[in-house]
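> Protein sequence lines correspond, in order, to chains A and B. Each position in the first sequence, counted from 1, maps to that position plus 340 in the working numbering. Each position in the second sequence, counted from 1, maps to that position plus 82 in the working numbering.
Among these hints, one or two may not hold up.
Covered stretches of chain B, as calculated for chain A (at least 3 residues, CB under 8 Å) [claimed, not checked]: (1) 277 to 284; (2) 287 to 301; (3) 305 to 313.
Here are the in silico distance ranges between beta carbons for each label pair [claimed, not checked]: (4) Leu112/B <-> Asn411/A: 34 to 44 Å; (5) Glu295/B <-> Arg412/A: 57 to 67 Å; (6) Asn411/A <-> Ala377/B: 47 to 57 Å; (7) Gly121/B <-> Glu467/A: 56 to 66 Å; (8) Leu457/A <-> Trp209/B: 25 to 35 Å; (9) Ile537/A <-> Ala118/B: 42 to 52 Å; (10) Trp209/B <-> Asp433/A: 45 to 55 Å; (11) Glu487/A <-> Asn133/B: 41 to 51 Å.
Think of the hints as simulated: they come from the structure by calculation, not from any bench. C-beta atoms are modelled at their ideal positions from N, C-alpha and C, and glycine is treated no differently.
Letter by letter, the chains look like this.
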Amino acid sequence: MSGAVLEAADLRVSFGGVHAVDGVSVQLAERTVLGLIGPNGSGKTSLLNAMTGVVPTTGRLYVGGDQVPLNRPERIRAAGVVRTFQAPQVLADLTCLDNALLSPSDRRGTGVISAWLGRPWQARHEERRRATALDALATVGLADHAERSAGTLTYGQQRLLELARALAGEPRVLLLDEPSAGLNDDETRSLTSLLRIVQERGISMLLVDHKVDFIDELCDRVLVLELGRRVSEGSPAEIWADARVRDAYLGGSAGA
Amino acid sequence: MTTAQTQPPIRRVGWSGRDGRRLSKLATHLIAVAVAIAGLCLVPLLGLSSNGMNLVDLWLVYSVSALGYLWVLGLAGRYAFCHTFMMAIGGYSAAWADARGAAFLVALGVALATSALAAIVVGALMWRVRQFYFAIGTLAVGEIGFTVLSRTSEFTGTNGNVHGISYPSLFGHSFVGDEQIFYLFLGALAIMLVLTLLLINAPVGRDLTAARETPEVARTCGIPVRRLHFTLFVLGSAVGGLAGALVTYWVGFIGVDSFGLDLSIGLLLIVIMGGLRSPIGIVLATAFYVFLPAALSGLSEYMPMIFGAVLLVTIMLFPNGIAAGLKLKRRSAA
């Protein structure tokens, strides 16, 4: 598959007989944004969980053409796939800067041995990581909060902090799980322009969301899921014109 | 956009924090430890009763073991109940090596190695089991282990009792009597405090916090959660083994009752009271655990009840441990 920075083939996730993800394949082209929509329970988050290795999954995953083992979150992260969560997952007791330092692309000098025997070496790498993390905090507009504990942030700011942590990891692929959930219109607009900047940096994105305008504005293509299966895929305009998509959203009876 | 950003100044200090507050925190703690250790050096000159000196030594060596347990419980977040079993393994290994003429330091090395190996075996068997089940499982492993130790006589001596262990000696100097053993234990405690502070105030300390609080998220961040936890479980258990060896050399004897279930529960009490991230708190809590029964010697039969009540009150008043609780109280009072 040429040009696909992320390719997932035939992913399956089941929970006790329920097929949350039922043979879904995803192709994310380099430098593009793919929207992922579908009604509640259609398996969007499960698909993200499958692609980041946090739920038992079968199938195949390729990043930049190289196969990456499923069910191994650390390996998938190391391949350059970074995600955010539906409810922002930040550590309230740590400072914002420490939170932004949790997912670096370069993990040299973060082990036990270097904490004891390689302090200067560790400090050198840590300095570079700090610069990247501060830069990411500045990008999302949290530079002034670097020293504050993450617990003092508002909900919207916690979402931004999670995004900063992801950006500080210099990802190839960013998977965003409902980044606009719980944000007001102003916050959603600034998130849109922020994600445009991210896209301009050459980071490909998979974007789960419910807000139609938000999806329309950012996504090159949209993938529609229903009951763990792929229903349709196309440009935003094609998707909204698709009767199957309307059915999926409004229920089977809406065809009438 | 990028050109408009002001690059914050980067200095060659600190793990995080623009002003390097974190490094100065490590430095402050290290200085505090150095001062405390220097002050403690005077204790043998106080002319304590032999019983008092004995308790002081016990406090120091239990602190070493409790700091190892802090790595297991606080840093790796594993409720392992085999820590006293690791102490026993360390003690018996040291006794075994000593009986074969090994020098003190070599015997300590053997103790570290065997307890680490035991932890690797226990960990490999039980790693998939979590939380409560891990606690029960490791408790079972420990109990089985103690039974085996008390029934074999090859390795452990008749009925698990080994007598006549040599005096510990370093660089030609023998540590005889509680006053001298004190300095040996104080040195071990100083090393453990420094190692623990270095761990907590490092990127690995940050990663361990994330790994303990939100393990799945930490894994998607690329933090090798399982490897880190396993490593700290093994290292912490090895420290337990070292403490067991030190006790064995000090007493000159080891039996299966040397490290019983009481101590297991005591160590848990210490780590919960001391706080999951506070090495200084651990040392204070150990003092409490060792000296309180002596201070209330008339009430010895009620000791389990008193400890139970203290544990309850501690958890309710200081959910983050005594040291953290006092810090908070001080801040709100200021």
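> With reference to the structure, classify each hint as holding or not holding.
Verification of the supplied hints:
Counting residues of the stretch 277 to 284 of chain B whose beta carbon lies closer than 8 Å to any beta carbon of chain A gives 4, which reaches the threshold of three, so the coverage claim holds. For the stretch 287 to 301 of chain B, the stated coverage by chain A holds: 11 residues have a C-beta nearer than 8 Å to a C-beta of that chain, and at least 3 were required. Residues of the stretch 305 to 313 of chain B with a Cβ under 8 Å from some Cβ of chain A number 5, which satisfies the need for three, so the listed coverage holds. Taking the beta carbon of each, Leu112/B and Asn411/A are about 42 Å apart, inside 34 to 44 Å as hinted.
The supplied range of 57 to 67 Å is broken by Glu295/B and Arg412/A, whose beta-carbon atoms lie about 21 Å from each other. Checked against the hint of 47 to 57 Å, the pair Asn411/A and Ala377/B passes, with Cβ atoms roughly 54 Å apart. Range check, Gly121/B to Glu467/A: about 35 Å between beta-carbon atoms, so the 56 to 66 Å window is missed. Separated by about 26 Å at the C-beta atoms, Leu457/A and Trp209/B satisfy the suggested range of 25 to 35 Å.
Roughly 51 Å separates the CB atoms of Ile537/A and Ala118/B, a value that falls within the hinted 42 to 52 Å. Trp209/B and Asp433/A have their C-beta atoms about 27 Å apart, which leaves the hinted 45 to 55 Å range violated. A C-beta distance of roughly 50 Å is found between Glu487/A and Asn133/B, which places it inside the suggested range of 41 to 51 Å.
In terms of the numbered hints stated before, the structure departs from hints 5, 7 and 10, listed from lowest to highest.
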